[in-house]
Amino acid sequence: MIHLAGPYLLAAVLAGLGTYGVLARRNAVLVLIGVELVLNAATLLLVAVGASAGDRWAAGNVLTLFVITIAAAEVCVALAVVLAVFRLRGDVDLSEPRS
Amino acid sequence: MTGLDLAFAAVGVVAAASGLLAVTTRHVVHAALWLVVCLGSVAGCYLVLGAELVALVQVLVYVGAVVVLVLFALMLTRAPIGPRAEISTSRLHRALAAVLGAGVTVLLASVLLPLAHPVDRHETDTTVLSRELFGTWVWPFEVLSLLLLAALVAALAVSRVGARSGDVRDGAARAEAELRTARGDAS
Chain A
605 MIHLAGPYLL AAVLAGLGTY GVLARRNAVL VLIGVELVLN AATLLLVAVG ASAGDRWAAG
665 NVLTLFVITI AAAEVCVALA VVLAVFRLRG DVDLSEPRS
Chain B
11 MTGLDLAFAA VGVVAAASGL LAVTTRHVVH AALWLVVCLG SVAGCYLVLG AELVALVQVL
71 VYVGAVVVLV LFALMLTRAP IGPRAEISTS RLHRALAAVL GAGVTVLLAS VLLPLAHPVD
131 RHETDTTVLS RELFGTWVWP FEVLSLLLLA ALVAALAVSR VGARSGDVRD GAARAEAELR
191 TARGDAS
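Protein chains in written order, with our numbering: chain A, 605 to 703; chain B, 11 to 197.
Next comes chain B alone, as it looks inside the complex (with noise of 0.2 Å):
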């Protein structure tokens, strides 16, 4: 046992730990701050790694803009604060969840452990792997950029979606009138 293993030991009890948390909260902002925890020791995980770029690229681009989205997202469709009880299914459901949950893990620890042993840590500079991501793997960069393009411009077309067609019933503003009545049984 070294200390990077001891070092990734560390990161990766926390980015588990926070992980099971980020699913099983019942707080429902919770579980998007939760996120930020575990795909942040992530990044840890790949520092340890090695992978220094690809940690900054995942600090940047998950914790600072997915996260982010799903908080906006969580706020838009007016999630509740506080805990809450049906934001999971049902008990039988989610112990169903567990136990298929558990078989995932077994079976991907039970495939990949053989494969493990110790290795000399390769360190992948940033130099060496712009070289290759300009060199050998520019077209398909190229292509992602064109999937990011086609990705926003779908975003924008599918948001549209209820605020164009007239008949649609306006769901905002009934969610609205639910949670007026349920405020006044409620009082």
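Just chain A, same shape as in the assembly (with noise of 0.2 Å):
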């Protein structure tokens, strides 16, 4: 036996934890870090379904498989494309627009 309830707190402190992160990082690379702290709450979340009984296909696991899959995408390109910024403009700063 496992009560829920601590996975989906869990989840809920992950997501306002990312959350937080992605607001109050200046440094690209950083504010990446809270995104993946967002996806871990989603992913927690389906793991948790996948845990009580009567999922079909074993839904949660699998979609859980897909998520992280998909965020490792995600990251590939997002790297990308900060360090295309880093070369444009000398730093990964988000909260100073240059010209």
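Don't take every hint at face value.
Between beta-carbon pairs, the in silico distance windows are [said to hold, decoys possible]:
1) B:193 <-> A:607: 54 to 64 Å
2) B:40 <-> A:663: 35 to 45 Å
3) A:607 <-> B:40: 29 to 39 Å
Negatives, chain B to chain A, calculated, CB over 10 Å [to be verified]:
4) 47
5) 92
6) 93
7) 191
8) 193
None of these hints come from the bench; they were simulated from the model.
The C-beta atom is built at its ideal place from N, Cα and C for all residues, glycine as well.
Hints in hand, dock the two standalone chains.
This is the structure in structure tokens:
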């Protein structure tokens, strides 16, 4: 027996922390860390639903694997954009728009 | 409160605390390293919830690949070593962000917690999971491989932006010049 309040609460906390990280960071790479936390909150919810009986086709676990794959693709493209921005501007500070 | 609840509480507290440190620390590299701890303990949560393959994939893909990519990006963008205040926004902005983050947490918790109930843990073993993955979910799985290929090609194309065009200001050289000036001012 496991009570689902724990996973649900942890998912809510991780989503809040990720939102804070996205909003409170100026370095573009650190903003990505916030995005990762939000994605992990989502996958934790999926796994928690998969742990309760009755999800068909193992959907909770399979969709978690899909989200992890999409997150890897997203990080790959995002870091390429960050590197291109660094090459063009000399920094990755998001709060100073430059011409 | 069963043993599984206690185990989940232990790894969950580690995950939440390291996540908090990852988004608040003033050391750029420490943020990535705290992210390792956070993602690793989320993998522990998956183990407690009976999803062994997902936990392994989490460790392999997130801790093994994504965090290494993030560390590489930090190194390639010349992340400063040591505590820096300028990687975060201003104090007012951070306070607003904290209010919004707390609001997200409260909103999600107030929606989800009434739905929570004790369940018999349903373990998805790897045999069942792989049969479903390559049976029911085989077409989404194949489309995902196409997505990965597209992301790879796109990352290559995007990262060549600055290198190809000639009229682009050489940002890296400028950053180095700024660094040299700053060092000269300091000494």
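10 Å Cβ clearance of residue 193 of chain B from chain A: 16 Å, holds
Range first: 54 to 64 Å. Now tell me if the beta carbons of residue 193 of chain B and residue 607 of chain A are that far apart. This hint holds: roughly 56 Å between Cβ atoms.
Decide, holds or violated, for the assertion that all CB atoms of chain A are farther than 10 Å from the CB of residue 93 of chain B. 13 Å, holds
With respect to the beta-carbon atoms only, verify the hint that residue 607 of chain A and residue 40 of chain B lie 29 to 39 Å apart. Once the Cβ atoms are compared, 33 Å apart, the range 29 to 39 Å for residue 40 of chain B and residue 607 of chain A holds.
Per the stated criterion, does the least C-beta distance between residue 191 of chain B and chain A lie above 10 Å, as a non-interface residue requires? 13 Å, holds
Are all beta-carbon distances from residue 47 of chain B to chain A longer than 10 Å? At roughly 12 Å from the nearest Cβ of chain A, residue 47 of chain B sits farther out than 10 Å, so the non-interface label holds.
Would you say the C-beta atoms of residue 40 of chain B and residue 663 of chain A sit inside 35 to 45 Å of each other? 37 Å, holds
Confirm or reject: residue 92 of chain B is not an interface residue toward chain A, with every Cβ-Cβ distance exceeding 10 Å. Fine: 14 Å to the nearest Cβ keeps residue 92 of chain B off the interface.
Checked against the numbered hints above, the structure breaks none of them.
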